[in-house]
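> Going down the list, the protein sequences come from chains A, B, C and D.
Residue numbering for the first sequence follows my numbering, starting at 1 and increasing by one per position.
Residue numbering for the second sequence follows my numbering, starting at 1 and increasing by one per position.
Residue numbering for the third sequence follows my numbering, starting at 1 and increasing by one per position.
Residue numbering for the fourth sequence follows my numbering, starting at 1 and increasing by one per position.
If you're looking for bench data, these hints aren't it; they were derived computationally from the structure.
Here the structure is a predicted model, which is why all the values come from computation and not from measurement.
Worth double-checking, as some hints may not be accurate.
You can't tell identical chains apart in this list, so a pair holds if it fits in one copy or across any two.
[Unchecked claim] No more than 30 Å apart at the CA atoms, straight line, and that leaves these computed lysine-lysine pairs for DSS-like:
id, residue 1, residue 2
1, Lys229, Lys288
2, Lys113, Lys49
3, Lys132, Lys65
4, Lys113, Lys288
5, Lys140, Lys161
6, Lys233, Lys132
7, Lys132, Lys113
8, Lys161, Lys233
9, Lys161, Lys28
10, Lys233, Lys288
11, Lys113, Lys65
12, Lys65, Lys229
13, Lys132, Lys288
14, Lys132, Lys112
15, Lys65, Lys288
16, Lys49, Lys161
17, Lys229, Lys132
Protein chains: 4
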Amino acid sequence: MFCFRLHRFALMNTPLYLPVSSRSMASKTQVGFIGLGNMGKPMAKNLLKHGYPVIATDVFPESCKELQELGAQIVDNPAEVADQADRVVTMLPSNPSLSRLLTGYSPNTRIKKVKKGSLLIDSSTIDPAVSKEMAVAAEKMGAVFMDAPVSGGVGAASSGKLTFMVGGVEEEFTAAQELLTCMGANVVYCGAVGTGQAAKICNNMLLAIGMIGTSETMNLGIRLGLDPKLLAKILNMSSGRCWSSDTYNPVPGVMEGVPSGNNYQGGFGTQLMAKDLGLAQTTATNTKTPVPLGSLAHQIYRMMCARGYASKDFSSVFQFLREDEENEGA
Amino acid sequence: MFCFRLHRFALMNTPLYLPVSSRSMASKTQVGFIGLGNMGKPMAKNLLKHGYPVIATDVFPESCKELQELGAQIVDNPAEVADQADRVVTMLPSNPSLSRLLTGYSPNTRIKKVKKGSLLIDSSTIDPAVSKEMAVAAEKMGAVFMDAPVSGGVGAASSGKLTFMVGGVEEEFTAAQELLTCMGANVVYCGAVGTGQAAKICNNMLLAIGMIGTSETMNLGIRLGLDPKLLAKILNMSSGRCWSSDTYNPVPGVMEGVPSGNNYQGGFGTQLMAKDLGLAQTTATNTKTPVPLGSLAHQIYRMMCARGYASKDFSSVFQFLREDEENEGA
Amino acid sequence: MFCFRLHRFALMNTPLYLPVSSRSMASKTQVGFIGLGNMGKPMAKNLLKHGYPVIATDVFPESCKELQELGAQIVDNPAEVADQADRVVTMLPSNPSLSRLLTGYSPNTRIKKVKKGSLLIDSSTIDPAVSKEMAVAAEKMGAVFMDAPVSGGVGAASSGKLTFMVGGVEEEFTAAQELLTCMGANVVYCGAVGTGQAAKICNNMLLAIGMIGTSETMNLGIRLGLDPKLLAKILNMSSGRCWSSDTYNPVPGVMEGVPSGNNYQGGFGTQLMAKDLGLAQTTATNTKTPVPLGSLAHQIYRMMCARGYASKDFSSVFQFLREDEENEGA
Amino acid sequence: MFCFRLHRFALMNTPLYLPVSSRSMASKTQVGFIGLGNMGKPMAKNLLKHGYPVIATDVFPESCKELQELGAQIVDNPAEVADQADRVVTMLPSNPSLSRLLTGYSPNTRIKKVKKGSLLIDSSTIDPAVSKEMAVAAEKMGAVFMDAPVSGGVGAASSGKLTFMVGGVEEEFTAAQELLTCMGANVVYCGAVGTGQAAKICNNMLLAIGMIGTSETMNLGIRLGLDPKLLAKILNMSSGRCWSSDTYNPVPGVMEGVPSGNNYQGGFGTQLMAKDLGLAQTTATNTKTPVPLGSLAHQIYRMMCARGYASKDFSSVFQFLREDEENEGA
């Protein structure tokens, strides 16, 4: 997503990066929003709640309609959003063609022109190398691009409790933060453009490793005669402790209020995890970084997608790995 | 290790498991200790400190001498320990032949006779299936066997801060606890015999997975331009958090007082981790449990042993995975 | 399986290993056979066909009955076989307790006594370390033990086309060969006791790796638009060639007369492969040998057992890895 | 590499794909060659040997000089080659920016114009998706693009014994074949554009899996007491057989004339294999194909690059996995 900054006093010779003072005057002016999916819609709603006029677009008319009823202005395509707003947030699926709003080839989605001095904030999860390309493209148009992927799911998006990991020119962080704090509880500056994506990808890779590891471990312990609640307790007071063991345990009955207690409905889908791990894998390949466990985690989530787990929560890897007694054989 | 209970009033028809009351009277009577290595020696010292007379043995005379000077009685072999003490603690390397004190074939180490009603506590880390065999063998001799492997290294052994994970007959746990609390800060009852080993093995498998995962992740993040301290901070406030990221970070400079800050000296050696993972693998194979990441973690630590990392701390996997700039090639 | 040599002139002071001349005189005397399962039954039949009187036993009466009708003498248990025959072949499932005929604890299966000078040939697939233990046990009884596991399935067993990989004292190989050539087309001497098992395990580990690798590769190629027959042809004329690509291709329609053309019925079952890989893994763990791909292959076949593939041919890994279009998700 | 067809009778309204008859008339007219590295130089020489005038370019002047002395015309950049030749072969390193001759952004390497009706043959190993993009770009310029990656190393390139795997419009295959047969012994038509790359990538992924698998297996067998030559012989007559075991065995002393007999000098470098596996991984990720062993093979070759094996032959994985006795530890 992109976030165009409106600056009323823009002149031909305005320096590319406006001073913070002019930015704070820009508050409560129109914010563009591209991508009103499961995540984007509640995010845009939170901008409305905080008093920002929103101009938005999405390929699905129903998503647009709901936001329109809440007061947003709906336009036909991303280019129109960029025409009118000079702060634009994008939240798009990780489809490569869609995500290349500034550098892609599609005439329907490509934004060829943005206002000079605009701030573009992309909250999609994409390859950090693509973020860098977009930043270069934005700079050529006299705009600023920042990557700001999120952690936290639909619930956090609705309640405005997302965490944003932000990469981009440090001088622009305050401007981005002003908008992002309307939608999230934590806004973390990570460094140069692309580092927001890097932080997101790194976290999710380690999360996947921890989740599969916890599932294998719990399964092994149960088979060795340990009570799962007790095993979780022991791990959580020991060096095996991780988020997947103490906060999101994949074994039904060990914890309340997590997808494992609800037949792995809701939560963070296996196919979304597989996508993020694909990004991690590609990024690691391109930087020649060995990621043996991350790579195997990717393959396991990919196999799960092939075996009917695509839309279950990613903690269902416990179920996937567990022997089916009937099928077990000798 | 075994722990023989002395009960002065033992008669021919004494029930196998004595009531707790008789056990508490048994306190401060002689405790046997077999295995005075890096871990066993400080453990035995802590028993002496708590006022227990100790009768001990080890294959290395020097280890024995040090304990003798502190007041322990030294005997020639395990059988003599078992002859005199009716509570015996064992702490042996995971060499299969050594660990089978009750079921093995070696005439030098095999204990063929224990006092009726003895309590044998084994703190070695071994295959839970072997623990079960030993429990059966002990029962045939009228004794009780419990497995009580530890977490925590030499430092925790010296300061009496070990965690014991105890498996065995629940009625005997109080008796075991009385001794183990002299040597450890936590004594956790895990269930039937073998479950102490199971808990230990499970924890260490998840620990290895978390450590390698953290190392891959930190390495990838650094290559993507993230500051390692900042990345660790982000992971630790997010779902990637684990013990290896927040308590024992493998990247030099991220944390103080961990082996990564000291060229991976000290800590928990790679070859010890490889051994524990070998146990996890064998146990998983025997119970037909899929452990894909645990299995790959085992292979990685095995490869590290082959490449000169055997005696470095297991967090040196970060160093192992990191590209050597000189060797990197095109 | 064990193969006891009858030697009519045995005296108290007979040297342990008889000269070859006495062995050739022993031909056409009774051969013991323990284990009449899918493999053992046709093997024993081939001994009968070659004119050897057979004395056999099995836990399933039906298996025994069929062989009895062909002229074999049936007895109640392994001990009786060992009492009467001095050449005994065993072909048992890889259940550890069953396989330890000479060193196990079970009163029903343990053979405590064999004739002096007997030849025991075990064709079961077991841990080479167990073979070595059995050889030691046999030697103590004045007998000779050889391991002679087979490659080739039920079809090869019926047609006498098995390959035997034989480990044991070289001087005894001729005696073993005499019997094994009745049941197999190739009898290969591998070295000291245990090396027959080693060769079998090594072959099957590489076979599993090749089969999964071929399946991944064919699947990837098909998804990239290649015709599967053409891809197989290209691989088979290039460096990707392996037995699984050129002789037992896992993709339906590429080859005739292989399980992939028959819905993966028949052939070598996934659960049998998982067992052999478990042996390979355990052996590698005990010898501290890194086997990263072998280990992952083991995990994949273990996961397949958990997902309903236990009794399908092991080439069904192609089907397991293939994306199910309906389940694929976004 | 691109191969521009010269057709003397080209008119404004010439159909895009010339009939084969006109192509055969085109023989012995100038052929462009872009990329004169280890592989490209001997390939271009073979074109010269077959009587084709060659117009070539490379970033390294020395490479150019050698070819110039043999009669080739040297020009400054790819665009000049494309200006003059209407059959162009490219053989570039897999650096993404270099390989995107038709679609890239670099002003130094980008070819913006080719002659109408040109034939462009790319023998570099790249992502099949990039080949498809280049085919689209070529078509827009009125030219034809084919991918024709090679198997076989520098030796095969020198002796004209390469294998070409060709993807592209079937009608153009004869024209491509005419040139490629000057440089290779086998020219295989694989299907639509991109399938040449697909076949190459698939073969190399399976090759890597087979090589690591063979190395693990040989290592395990040796540790279990098998003679390596005997083990290789057994595998090669059994179902474990593969190209790496029977033609390019990685164990020193097993075969003559392979890199394992020459301290892993020469052959196919580990870093080149790591690159091809990176392509396979990326392609698998993009097509959502699970490749667990391929993915782990990639990671292992990546780790080897990090540990000093980058320029050794890829069969040195045997050495990498082999335990170093000194370092082995307890």
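> Evaluate each hint against the coordinates.
Here's how the hints hold up against the structure:
Proximity of Lys229 to Lys288 under the C-alpha cut-off of 30 Å is restricted to the inter-copy arrangement: shortest distance 22 Å between copies versus 40 Å within a copy. Only within a single protomer do Lys113 and Lys49 lie at most 30 Å apart by alpha-carbon distance; the minimum there is 29 Å, versus 53 Å between protomers. For the identical chains of this complex, Lys132 and Lys65 are neighbours neither inside a copy (33 Å) nor across copies (38 Å), given an alpha-carbon limit of 30 Å. In the homo-oligomer, the alpha carbons of Lys113 and Lys288 never lie at most 30 Å apart, since the shortest distance is 35 Å inside one protomer and 34 Å across protomers.
In this assembly of identical chains, the alpha carbons of Lys140 and Lys161 never lie at most 30 Å apart, being 34 Å within a copy and 49 Å across copies at closest. For the homomeric pair Lys233 and Lys132, the shortest alpha-carbon distance between copies (23 Å) is at most 30 Å, but the shortest distance inside one copy (43 Å) is not. Both within a single protomer and between protomers do Lys132 and Lys113 lie at most 30 Å apart by alpha-carbon distance, with minima of 18 Å and 28 Å respectively. In this homomeric assembly, Lys161 and Lys233 come within 30 Å of each other (Cα to Cα) both inside a single copy, at 28 Å, and across copies, at 18 Å.
In this assembly of identical chains, Lys161 and Lys28 lie within 30 Å of each other by CA distance solely inside one copy; the values are 21 Å within and 58 Å between copies. Taking identical chains as interchangeable, the C-alpha atoms of Lys233 and Lys288 lie at most 30 Å apart only when they sit on different chains, with a minimum of 24 Å there against 38 Å within one chain. Taking the shortest Cα distances, Lys113 and Lys65 sit within 30 Å of each other inside one copy (26 Å), while across copies they are farther apart (47 Å). For the homomeric pair Lys65 and Lys229, neither the shortest alpha-carbon distance inside one copy (46 Å) nor that between copies (44 Å) is at most 30 Å.
In this assembly of identical chains, Lys132 and Lys288 lie within 30 Å of each other by CA distance both inside one copy and across copies; the values are 18 Å within and 25 Å between. Within a single copy, Lys132 and Lys112 get their C-alpha atoms as close as 17 Å, and across copies as close as 25 Å, so both meet the 30 Å cut-off. Taking CA atoms no more than 30 Å apart as the test, Lys65 paired with Lys288 passes in neither setting, with 45 Å inside one copy and 33 Å between copies. When the C-alpha separation of Lys49 and Lys161 is checked against a cutoff of 30 Å, the pair qualifies only within one copy, where the shortest distance is 14 Å, while the shortest distance between copies is 53 Å.
Taking identical chains as interchangeable, the C-alpha atoms of Lys229 and Lys132 lie at most 30 Å apart only when they sit on different chains, with a minimum of 23 Å there against 45 Å within one chain.
Checked against the numbered hints above, the structure breaks hints 3, 4, 5, 12, 15 and satisfies the rest.
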